[in-house]
Amino acid sequence: MGQYHQPDKQGHFGPYGGRFVAETLVPALDELEDAYRDAMGDPAFLAEFHGELRQFVGRPNPLYHAARISRELGGAQIYLKREDLNHTGAHKINNAVGQALLARRMGRHRLIAETGAGQHGVATATVATRYGMECAVYMGEEDVHRQSSNVYRMRLLGAEVKVVTGGTRTLKDALNEALRDWVTHVDSTFYVIGTVAGPHPYPEMVRNFHRVIGEEARVQCLEQTGRLPDVCVACVGGGSNAMGLFYPFLDDPAVRLVGVEAGGLGLGTGRHAAPLCTGRPGVLHGNRTYLMEDPDGQILATHSISAGLDYPGVGPEHSYLKDIGRAEYVIATDEEALEAFHRLSRAEGIIPALESSHALACAFRLAPQLRSDQTILVNLSGRGDKDIHTVAAREGITL
Amino acid sequence: MSRLPGLFRTLREAGKTGLVPFVTAGDPSFQGTVPLLHALVSAGADAIELGIPFSDPMADGPVIQRASERALGRGVTVRQILAWVQEFREKNQTTPIILMGYLNPVEAMGVERFAEAAAAAGADGVILVDLTPEESAHEVEVLRRFHLDPIFLLAPTSSPARVATVKRLGSGFVYYVSLRGITGGEQRDWDEVAQRTAQLRQELGMPVVVGFGIRDATVAGHLAASGCDAVVIGSALVERLSDARDDRHAQGIATEFLLSFREALGRRMGEGT
Numbered sequence: 001m002g003q004y005h006q007p008d009k010q011g012h013f014g015p016y017g018g019r020f021v022a023e024t025l026v027p028a029l030d031e032l033e034d035a036y037r038d039a040m041g042d043p044a045f046l047a048e049f050h051g052e053l054r055q056f057v058g059r060p061n062p063l064y065h066a067a068r069i070s071r072e073l074g075g076a077q078i079y080l081k082r083e084d085l086n087h088t089g090a091h092k093i094n095n096a097v098g099q100a101l102l103a104r105r106m107g108r109h110r111l112i113a114e115t116g117a118g119q120h121g122v123a124t125a126t127v128a129t130r131y132g133m134e135c136a137v138y139m140g141e142e143d144v145h146r147q148s149s150n151v152y153r154m155r156l157l158g159a160e161v162k163v164v165t166g167g168t169r170t171l172k173d174a175l176n177e178a179l180r181d182w183v184t185h186v187d188s189t190f191y192v193i194g195t196v197a198g199p200h201p202y203p204e205m206v207r208n209f210h211r212v213i214g215e216e217a218r219v220q221c222l223e224q225t226g227r228l229p230d231v232c233v234a235c236v237g238g239g240s241n242a243m244g245l246f247y248p249f250l251d252d253p254a255v256r257l258v259g260v261e262a263g264g265l266g267l268g269t270g271r272h273a274a275p276l277c278t279g280r281p282g283v284l285h286g287n288r289t290y291l292m293e294d295p296d297g298q299i300l301a302t303h304s305i306s307a308g309l310d311y312p313g314v315g316p317e318h319s320y321l322k323d324i325g326r327a328e329y330v331i332a333t334d335e336e337a338l339e340a341f342h343r344l345s346r347a348e349g350i351i352p353a354l355e356s357s358h359a360l361a362c363a364f365r366l367a368p369q370l371r372s373d374q375t376i377l378v379n380l381s382g383r384g385d386k387d388i389h390t391v392a393a394r395e396g397i398t399l
Numbered sequence: 400m401s402r403l404p405g406l407f408r409t410l411r412e413a414g415k416t417g418l419v420p421f422v423t424a425g426d427p428s429f430q431g432t433v434p435l436l437h438a439l440v441s442a443g444a445d446a447i448e449l450g451i452p453f454s455d456p457m458a459d460g461p462v463i464q465r466a467s468e469r470a471l472g473r474g475v476t477v478r479q480i481l482a483w484v485q486e487f488r489e490k491n492q493t494t495p496i497i498l499m500g501y502l503n504p505v506e507a508m509g510v511e512r513f514a515e516a517a518a519a520a521g522a523d524g525v526i527l528v529d530l531t532p533e534e535s536a537h538e539v540e541v542l543r544r545f546h547l548d549p550i551f552l553l554a555p556t557s558s559p560a561r562v563a564t565v566k567r568l569g570s571g572f573v574y575y576v577s578l579r580g581i582t583g584g585e586q587r588d589w590d591e592v593a594q595r596t597a598q599l600r601q602e603l604g605m606p607v608v609v610g611f612g613i614r615d616a617t618v619a620g621h622l623a624a625s626g627c628d629a630v631v632i633g634s635a636l637v638e639r640l641s642d643a644r645d646d647r648h649a650q651g652i653a654t655e656f657l658l659s660f661r662e663a664l665g666r667r668m669g670e671g672t
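Line order of the protein sequences matches chains A and B. Under this note's numbering, residues 1 to 399 are what the first sequence spells out, in order. Under this note's numbering, residues 400 to 672 are what the second sequence spells out, in order.
Just so you know, these hints were derived from the structure itself, not from any lab. You may find that some hints are simply not true.
[What the hints assert, rightly or not] Part of the chain B face toward chain A, derived, beta carbon under 8 angstroms:
#	residue
1	P404
2	T476
3	V477
4	L530
5	H537
6	V539
7	E540
8	P559
9	T564
10	L568
11	R587
Glycine is no exception: its CB is placed at the ideal position from the N, C-alpha and C atoms.
Put together the whole structure using the sequences plus the hints.
Structure below.
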């Protein structure tokens with residue numbers, strides 16, 4: 001495989017990606033793209049971005065050898081990229097810092113965002129405060145209920161949480177509503193999209209603000225093990241933490257890349273959020289990608305125990321990586337994720353986010369099939385504090 | 400062949416501005432869709448925009464979102480909508496029908512299969528809100544092949560380069576989005592809209608139809624005076640229709656509401672004065 005160069009100038013990853021929006025947004029996207037290219041070519045911007053990642057986010061975070069659980073599993077060595085140790089508790093802050101700095105550079109004073117689990121909403125609310133901007137976060141009514149502590153965190157940080165009651169009242173509807181806000185207030189507002197989806201240039205831009213995950217992990221793995229990992233595993237909802245981890249390994253064909261979608265109650269039940277494993281290509285939220293849709297092209301309701309994976313689409317670059325066979329995509333069910341959640345908590349003293357627990361479940365399945373001198377690198381994309389109510393409720397415990 | 404060039408020629412010769420109501424197919428009722436289309440024509444519609452509902456209508460305000468949800472809840476599909484167009488054509492061979500929706504339901508059917516069926520049913524033009532000109536090469540080629548007009552949107556923010564692209568790719572008319580926002584939003588500066596519309600007509604050499612946010616006859620009359628070719632009445636009509644008790648009531652509401660616009664825009668050719 002030659003050098004990887006995606007996307008093209010119009011934001012296409014092979015047949016995926018692109019820009020599918022109402023005309024009103026096109027000039028705003030052109031302006032964003034120009035500002036983004038200009039910023040990425042400006043050493044002062046990059047220095048400030050990386051400075052903020054060090055001083056405010058707390059990077060680099062560790063690559064942690066989970067020795068106890070590796071021994072328990074009796075196979076490959078599991079290493080965890082500790083994005084959960086970032087400020088605000090997840091990888092989302094990397095991208096939020098990048099986009100907020102870009103917004104400031106463009107003279108925008110209002111940030112808006114969509115959020116599912118609330119992690120991206122919290123990250124955006126945080127950086128808005130950090131840079132003295134207004135912030136509104138759109139969140140589906142169902143997610144507001146299951147992630148109430150994050151809703152309160154956003155409000156503490158001074159953000160306005162806008163509850164979305166249309167459609168399925170989850171992440172996809174929050175995204176629709178944020179797009180509507182943006183199109184209406186395009187002169188004052190910067191839309192901080194939280195994943196590697198949306199119209200060009202978002203998928204490329206969000207990936208590039210998150211590639212620091214894979215770049216750090218690559219160096220750390222070489223330092224600690226003397227070689228590259230055999231497998232990289234990450235959960236995939238929209239797919240930002242996975243793209244951030246995978247991207248710096250794309251030109252290393254020996255490194256297997258595995259994305260884990262939310263299998264929900266099982267693929268046979270239809271109650272899941274696994275467009276790459278079960279869907280087909282279509283157009284939603286500004287880009288062409290794999291989608292969960294009915295035969296008439298209407299987008300289906302999804303289900304996952306983790307709000308952050310509860311999305312019927314996926315970043316277009318993942319669609320491309322699937323088609324060319326560079327990454328493989330599998331699922332973990334709600335049950336498997338919960339089991340992994342408990343297992344990591346008890347074996348390593350680390351409570352993972354339910355999203356990241358999907359990646360862990362896959363790694364725990366793979367490890368016994370590999371030799372003990374092989375390495376699985378798992379992106380521990382977030383911490384699980386936000387999920388303790390959900391997990392407790394499943395066990396009949398009221399906190 | 401598309402009925403749109405003929406319509407705009409007639410309007411221009413008569414010095415009139417066209418009235419184009421938008422309704423979501425299958426709303427306010429499933430079985431009442433075709434009778435409602437006929438009622439719109441009786442009340443003075445020069446053409447009709449028939450909305451194809453989509454589960455994620457990101458360019459639409461709450462009124463059309465809700466109408467889309469209701470229609471989908473009643474089981475409306477693209478094939479059903481085309482069957483309604485065909486039924487409408489049994490009694491009406493003259494009023495242009497423009498299908499308006501989002502790309503995904505059309506792609507799910509297959510662009511080619513959709514275009515062939517839409518043309519056979521008697522549709523005249525197609526607006527796909529989220530299909531930007533840059534991404535539209537295949538769709539434009541297919542629609543043209545079946546003699547359907549590919550209709551694009553332009554906005555207050557569109558650059559001269561984009562106006563040129565739309566001039567090259569589009570036909571039938573250009574849909575000028577009168578505001579920076581979603582359907583049914585609020586526009587305050589109608590003078591600016593009128594000015595821009597007149598400018599665009601010059602640049603494009605194509606009819607310009609104005610929509611998004613036209614709520615009353617006064618505004619429509621003002622736009623007509625500036626020389627736009629037609630106005631679209633969407634959310635304001637759909638909102639009123641959602642209050643209908645039954646199909647006959649819906650037809651009554653539509654008739655009464657459109658007549659107020661008809662007055663402001665002048666009477667159609669052939670109706671006398």
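Now the hints, each set against the structure:
1. P404: 23 angstroms, violated
2. T476: 5 angstroms, holds
3. V477: Cβ of V477 (chain B) sits 7 angstroms from chain A, so the hint holds.
4. L530: 7 angstroms, holds
5. H537: With a minimum Cβ separation of about 11 angstroms from chain A (threshold 8 angstroms), the hint on H537 (chain B) is violated.
6. V539: 15 angstroms, violated
7. E540: Because about 17 angstroms separates E540 (chain B) from the closest Cβ in chain A, which is outside the 8 angstroms limit, the hint is violated.
8. P559: 11 angstroms, violated
9. T564: 10 angstroms, violated
10. L568: Where the cut-off is 8 angstroms and the nearest Cβ of chain A is about 13 angstroms from L568 (chain B), the hint is violated.
11. R587: 13 angstroms, violated
In summary, the structure is inconsistent with hints 1, 5, 6, 7, 8, 9, 10, 11 from the numbered list given earlier, while agreeing with the others.
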